[in-house]
Amino acid sequence: MARSDTASLECEQLDPGGLRLAFRGTLNAGSAERLWPEVMRKVAESRPSAVEIDAQGVESLDAAGMALLFELKAAQEDRHGDFRIRGLRDDLGELMKLFDPGPPSAPARGPGLLIRSVNGLGQAAHEFVTGFHSQVGFLGEIFVRLLGVLVRPSRLRWADTFLIAEKAGANAVGIVALMGFLIGLILAFQSAIGMRKFGAEIYVADLVVLVLFRELGPLITAFILTSRSGSAFAAELGTMKVNEEVDALVTMGVDPVQFLALPRLVAAICVMPLLTLFNMLFGLIGCGLVMRSFGFPVATYIDQIQEAASLGDLCGGLVKTFVFGALIAGIGCLRGLQTGKSPSAVGDSATRAVVSGIVAIVVTDGVFAVMYYYLGI
Amino acid sequence: MGSDALPIIQVSDVTVGYDHQIVLKDVTFEVRAGEVFCILGGSGCGKSTLLKHMIGLHRPMTGSILVDGTDIVSAEGEERRALLGRIGVAYQNGALFGSMTLIENICLVLEEFTSLPRQAMQTIARMKMKVVGLQDAGDRMPSELSGGMRKRAAIARALALDPKILFLDEPSAGLDPITAAQLDDLIVELSQTLKITFVIVTHELASIFAVADRVIMLDKERRTIIARGAPEELRDRSDDPWVRQFFHRQAALA
Numbered sequence: 000m001a002r003s004d005t006a007s008l009e010c011e012q013l014d015p016g017g018l019r020l021a022f023r024g025t026l027n028a029g030s031a032e033r034l035w036p037e038v039m040r041k042v043a044e045s046r047p048s049a050v051e052i053d054a055q056g057v058e059s060l061d062a063a064g065m066a067l068l069f070e071l072k073a074a075q076e077d078r079h080g081d082f083r084i085r086g087l088r089d090d091l092g093e094l095m096k097l098f099d100p101g102p103p104s105a106p107a108r109g110p111g112l113l114i115r116s117v118n119g120l121g122q123a124a125h126e127f128v129t130g131f132h133s134q135v136g137f138l139g140e141i142f143v144r145l146l147g148v149l150v151r152p153s154r155l156r157w158a159d160t161f162l163i164a165e166k167a168g169a170n171a172v173g174i175v176a177l178m179g180f181l182i183g184l185i186l187a188f189q190s191a192i193g194m195r196k197f198g199a200e201i202y203v204a205d206l207v208v209l210v211l212f213r214e215l216g217p218l219i220t221a222f223i224l225t226s227r228s229g230s231a232f233a234a235e236l237g238t239m240k241v242n243e244e245v246d247a248l249v250t251m252g253v254d255p256v257q258f259l260a261l262p263r264l265v266a267a268i269c270v271m272p273l274l275t276l277f278n279m280l281f282g283l284i285g286c287g288l289v290m291r292s293f294g295f296p297v298a299t300y301i302d303q304i305q306e307a308a309s310l311g312d313l314c315g316g317l318v319k320t321f322v323f324g325a326l327i328a329g330i331g332c333l334r335g336l337q338t339g340k341s342p343s344a345v346g347d348s349a350t351r352a353v354v355s356g357i358v359a360i361v362v363t364d365g366v367f368a369v370m371y372y373y374l375g376i
Numbered sequence: 000m001g002s003d004a005l006p007i008i009q010v011s012d013v014t015v016g017y018d019h020q021i022v023l024k025d026v027t028f029e030v031r032a033g034e035v036f037c038i039l040g041g042s043g044c045g046k047s048t049l050l051k052h053m054i055g056l057h058r059p060m061t062g063s064i065l066v067d068g069t070d071i072v073s074a075e076g077e078e079r080r081a082l083l084g085r086i087g088v089a090y091q092n093g094a095l096f097g098s099m100t101l102i103e104n105i106c107l108v109l110e111e112f113t114s115l116p117r118q119a120m121q122t123i124a125r126m127k128m129k130v131v132g133l134q135d136a137g138d139r140m141p142s143e144l145s146g147g148m149r150k151r152a153a154i155a156r157a158l159a160l161d162p163k164i165l166f167l168d169e170p171s172a173g174l175d176p177i178t179a180a181q182l183d184d185l186i187v188e189l190s191q192t193l194k195i196t197f198v199i200v201t202h203e204l205a206s207i208f209a210v211a212d213r214v215i216m217l218d219k220e221r222r223t224i225i226a227r228g229a230p231e232e233l234r235d236r237s238d239d240p241w242v243r244q245f246f247h248r249q250a251a252l253a
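Protein chains in written order, with numbering that gives the first Met the number 0: chain A, 0 to 376; chain B, 0 to 253.
Check the hints yourself; a few may be wrong.
[Stated by the list, open to error] With a straight-line Cα cutoff of 25 Å, these simulated SDA-like cross-link-like pairs (lysine to any residue) come out:
| no. | chain 1 | residue 1 | chain 2 | residue 2 |
| --- | --- | --- | --- | --- |
| 1 | B | LYS51 | B | ARG31 |
| 2 | B | LYS219 | B | ARG236 |
| 3 | A | LYS166 | A | ILE185 |
| 4 | A | LYS340 | A | GLN122 |
| 5 | B | LYS51 | A | PRO342 |
| 6 | B | LYS129 | A | ASP77 |
| 7 | A | LYS340 | B | ALA172 |
| 8 | A | LYS340 | B | ARG236 |
| 9 | B | LYS163 | A | ASP90 |
| 10 | A | LYS340 | B | LYS163 |
| 11 | A | LYS340 | B | LEU133 |
| 12 | A | LYS96 | A | GLY111 |
| 13 | A | LYS41 | A | GLN122 |
[Stated by the list, open to error] Short, incomplete list of chain A residues facing chain B, as computed with Cβ under 7 Å:
| no. | residue |
| --- | --- |
| 14 | ALA62 |
| 15 | PHE69 |
| 16 | GLU70 |
| 17 | PHE98 |
| 18 | GLN337 |
| 19 | LYS340 |
None of these hints come from the bench; they were simulated from the model.
The C-beta atom is built at its ideal place from N, Cα and C for all residues, glycine as well.
Start from the sequences, fold in the hints, and give me the full structure.
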C-alpha cells in the first residue's frame, strides 16, 4: 500500500442536518491513517441525516481509501441516514463496486455468562466421562490383541517393535540414570538432615532404598517415559492421522491398532522395567556417594541396604512398571489416534497424552499402594 | 498486452538448486508490468523452486532477480520489507493460519504494514473477501473451507496490501474443472481491473489458455527454459517434441 500522504479533507455543514466531506488528492493507506479518526469523529459529533462525499478531487484510491468511504456508508446505513458519493471518476467507481463488502454481518449474540459456565461444566464432565470410557475401552482392546500375540507371536511386527524399544528404551538410559543418581543424592542429603539429630545417619540408606524400590524408582522412570515417548507416540500417530495414513491402513484392511499401537505397547512394556532398574541402581549409587561422604564404608552401606530391602520390595516395584509401561504406550497411542484435523491437533494430542499419562500413572500407583498394604507386601 | 510494456521482474542468468544439485541453470527471462505470466513444466522441473527464488525465500546460486526495481537477492532491512509490501503470494495449499478466522488472517498482514484503526482493517479485509467472492465466509476458520475456497482465501490474503505483483503457486491444482475455471476468471478479472501483474506456476492447460499472456516452459532434463512465448504460439508452432507433447497430450485428454 502506498504510504505517501497527499490527501486533504474539507468539511462543510449543510442544511438541514447534512454533512459534506470533500476529499482531494491520493486517498491511500497513508492518508487514511490520518483522516480516519478525524472523519469518524466529525460524523459521530454532528450525527448528520445525510452525508455527501465530494470526490471530484480524488486522484486515486486504494483499499484503505475505499474502506474509509465504505465505513462512512455503513455508519449512515446504520443510522438510516442518506449517503451519496458525487464526482468520483468512473474507473474508481467501478473499483468501488468490485470491492463493496456490503453491510457488516451483525455479530452473533452468544449466551450469557451463567449459561456458558453451566454449558462448559456439562461439556467438561461429558468429556471426562467419555474420555475415561474410551481410555478403558482402548486399553481393553489393545490387551486382547496382546493376548493374541502371545498365542501367535508372528503377528507382531517385531522389526518395528525393536526399533521403538531402542528409541524409547536404549536411548533413554542416560537421562533415566542421571535422574536416578540425582534423586538418590538429593533424597539422601535431605533425609540426613533430619536423621542426624538422632545420630541415625546410617538409616538414611534404609529410607532411600525403600523409597527408590517401592515408589520413586518406578514413578520417576514412568514420568520420564511418558514425557519422552508417550508424547512421541501421540505425535507420530497424530501426524499419520492428519496425513490420512491411518485411513489408508484401514482401507488396506490393516488394523491400525495391531499395526501401530501394539508394537509400541510391547516395546514400552519391555523397556520400562529395565529402565527402572537402571534408575534404582543409579539412585543407590547417588545415595552411596552421600553415605561415603558421611564416613560410612561402602561395605557397611551395602550391608545396610541388603538388610533393609527384601526381594519383595524390588519385585513389588518392578511389577508396577509393567502396568505403567502399558498405560504410557496405550494412552499415547489412543491420543494419537484421536487426533483431529486442525493444525494444532498434533500438539494438543501430545499434550493430552502426557497429562492423562501422568494422571493415570499416579492413580494406578495409589491403587497399587492400597493393594500391597492389604497383601502385606 | 503490448510488448512495449516495461519489465517489472527481471531474472538474469539465475542458477538455482539445493545443496550441490543444480535444478535450473542460467535462466533468463522477464515479466512485463500488467501481464499474466505462467511458468510451466512437468513435475519436478523446478517451477515452484524458481517461484520461491523470485519471492526471496531462497537465494539463487548465481545471477540476479530484480523485482519492481529492487534486487530481491541482496535487498535487506527496510528495502526488503518495502518490496514484500508490494508483492503478494498465494501458496499451493493456501498456507492460511489455522488458528485464525479468514478476516484475522488478512488483518495480520495489515497490522504488520499499516497503522490503520482496527475498524479500517476489518473493512479492508471484508473488501478483499468480497473481491474473491467469499463475502460470507469471513468469520470461518480455514479448516472449514473447501479446497477452492481455501485458494480464494489465500488470494484474498495475498491481495491485502494492494500488491503490484501477485505470485500464485499452482492455483488450480486439485480443483474440479468448474471451480478451476471460476478461479481463472477471478485471475483475469483482477488482472484487468486492478492492473496487477501475475506470475503463476501451473501445469493445467485449460488455465494456461484462459489466463496467460506469455509463458515459459522449464524442462527437468535440460534444466533450463525450453520454450517461451504466448501459449497459442507454443501449441501451434513449437518444434520441440517435449513442448508439443505437453500441449497435445493434455489437449487430447481435455
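So, going through the hints one by one against the coordinates:
1. LYS51/B / ARG31/B: holds (19 Å)
2. LYS219/B / ARG236/B: holds (22 Å)
3. LYS166/A / ILE185/A: violated (28 Å)
4. LYS340/A / GLN122/A: The given pair, whose Cα atoms are some 20 Å apart, holds under the 25 Å limit.
5. LYS51/B / PRO342/A: holds (23 Å)
6. LYS129/B / ASP77/A: holds (20 Å)
7. LYS340/A / ALA172/B: Given pair LYS340/A, ALA172/B holds - Cα atoms ~21 Å apart, limit 25 Å.
8. LYS340/A / ARG236/B: Status violated; Cα separation ~48 Å.
9. LYS163/B / ASP90/A: holds (18 Å)
10. LYS340/A / LYS163/B: Roughly 35 Å separates the two Cα atoms, so the pair is violated.
11. LYS340/A / LEU133/B: Since the Cα atoms of LYS340/A and LEU133/B sit roughly 22 Å apart, the hinted pair holds (cutoff 25 Å).
12. LYS96/A / GLY111/A: With a Cα-Cα distance of about 39 Å, the restraint between LYS96/A and GLY111/A is violated, given a limit of 25 Å.
13. LYS41/A / GLN122/A: Not satisfied, since the Cα-Cα distance of roughly 48 Å exceeds 25 Å.
14. ALA62: Cβ of ALA62/A sits 5 Å from chain B, so the hint holds.
15. PHE69: holds (6 Å)
16. GLU70: holds (5 Å)
17. PHE98: holds (4 Å)
18. GLN337: violated (17 Å)
19. LYS340: Nearest chain B Cβ about 6 Å off; hint holds.
This entry does not satisfy hints 3, 8, 10, 12, 13, 18, going by the numbered hints stated previously.
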